[in-house]
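K.L.:
Given chain A's structure and the hints, the job is docking chain B onto it.
The listed protein sequences correspond, in order, to chains A and B.
For what it's worth, my numbering labels the leading residue of the first sequence as 1, then goes sequentially.
For what it's worth, my numbering labels the leading residue of the second sequence as 1, then goes sequentially.
It should be emphasised that the hints constitute simulated quantities derived from the structure, not laboratory data.
Computed from a prediction, not measured in an experiment: that's the story for all the values here.
Accuracy of the hints is not assured; some may be wrong.
[What the hints assert, rightly or not] Computed list of chain A residues with no C-beta within reach of chain B, every gap over 10 angstroms: (1) Leu58; (2) Leu63; (3) Arg91.
[Stated by the list, open to error] Facing chain A, a subset of chain B residues (Cβ under 10 angstroms, in silico): (4) His4; (5) Pro5; (6) Glu23; (7) Leu36; (8) Phe65.
Every residue, glycine too, gets a C-beta built ideally from N, C-alpha and C.
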Amino acid sequence: MAAGYLLVMAALAIGLRRLRRPRGPAPRPGPARERARARAAEQAGGPAGLAPPAPGPLRWTRLIRQALSTAIAGYLLLGAVVTGYYYAVARVAGQFLQSAFTGTALLLAIALPAFAIASGLTEWRRRRRGRPPGSRPGGDRPAARHLPHRPARGLLPGRGTGDEPSSPGSGSRTPGRSAAEEPSRLAADVSSHAHRGPASGPASEPGRRRPGHHRSPNLTLSQLAPGRHRRARFSH
Amino acid sequence: MAQHPLIGYLAWAALFGALFAWEGLALARAGSLPTLSGTFRVIMGNPFGRWALFALWLWAGWHFFIRGWHFLLRA
Chain A
1 MAAGYLLVMA
11 ALAIGLRRLR
21 RPRGPAPRPG
31 PARERARARA
41 AEQAGGPAGL
51 APPAPGPLRW
61 TRLIRQALST
71 AIAGYLLLGA
81 VVTGYYYAVA
91 RVAGQFLQSA
101 FTGTALLLAI
111 ALPAFAIASG
121 LTEWRRRRRG
131 RPPGSRPGGD
141 RPAARHLPHR
151 PARGLLPGRG
161 TGDEPSSPGS
171 GSRTPGRSAA
181 EEPSRLAADV
191 SSHAHRGPAS
201 GPASEPGRRR
211 PGHHRSPNLT
221 LSQLAPGRHR
231 RARFSH
Chain B
1 MAQHPLIGYL
11 AWAALFGALF
21 AWEGLALARA
31 GSLPTLSGTF
41 RVIMGNPFGR
51 WALFALWLWA
61 GWHFFIRGWH
71 FLLRA
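Here chain A stands alone, though its shape is the one from the complex (with noise of 0.2 angstroms):
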């Protein structure tokens, strides 16, 4: 019986990994909802059926509630469903219902704890290596400290054409570029104004003056990105 509880749980380990393995851009094949259900949970930043991380401690407010319920509630439920089937399907001897839920209530003494000190130190880990909340360790969102180091944007030629989004507080975000980037990449614009003056350089060539661009340098970076310090910094 140990080999083959062993067997199913090294089964659903194997399948969590597949889940947890980034994946490449080739399609998958199968049903369509099933590929909608995989890219929402994508986006959410981890695998389907999964609840999306919440930012904070309104995370961990959510994950201990929801283990919580569901160890009271799946432990319930088992009392009832062994209860029922002492009191009307068979009377099993030897202690059957006092077993049941004392050594139930033992397995979740031993588990819940482990679970706990489990999440904390993945969240420990994490935190150390420098990963966002509820990124995939070895996803396809590298880490900030990995990316290399870009010049500011309109700081050298070819740059600041007016492809990219000129709005700052449009709310998008350059593709590849990562949230830790953003505020001093908005710093280095303010500041590379402030100097230069808004007449100078590469970006304020006739032609090249991108709409909405020329800002105050005494301009702060909440009031040039409203509300996208927060959201980078969640965002996943």
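P.N.:
Chain B alone, transformed into the frame defined by chain A:
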């Protein structure tokens, strides 16, 4: 240990064999057949399914590790 007819053990072996054969087929033909993890994912999308699955997990653990437990490597 109680003696049981061999057919009972063979039935359990066939059931588990079919389970793993189905899982292997589903993994090999990705997308056309639901895998075990995909099935559990669908079940866990529903709160009652999550409770039932947890109750099943508790039941399995209770049987394997509490009721009639003995050291796993005992001969």
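K.L.:
Against each hint, give a clear statement of whether it holds in the structure.
P.N.:
These are the hints, each one checked on the structure:
no.	hint	verdict
1	Leu58	holds, 19 angstroms
2	Leu63	holds, 14 angstroms
3	Arg91	holds, 16 angstroms
4	His4	violated, 13 angstroms
5	Pro5	violated, 18 angstroms
6	Glu23	holds, 6 angstroms
7	Leu36	holds, 6 angstroms
8	Phe65	holds, 7 angstroms
Hint compliance for this structure: hints 4 and 5 are broken, all remaining hints hold.
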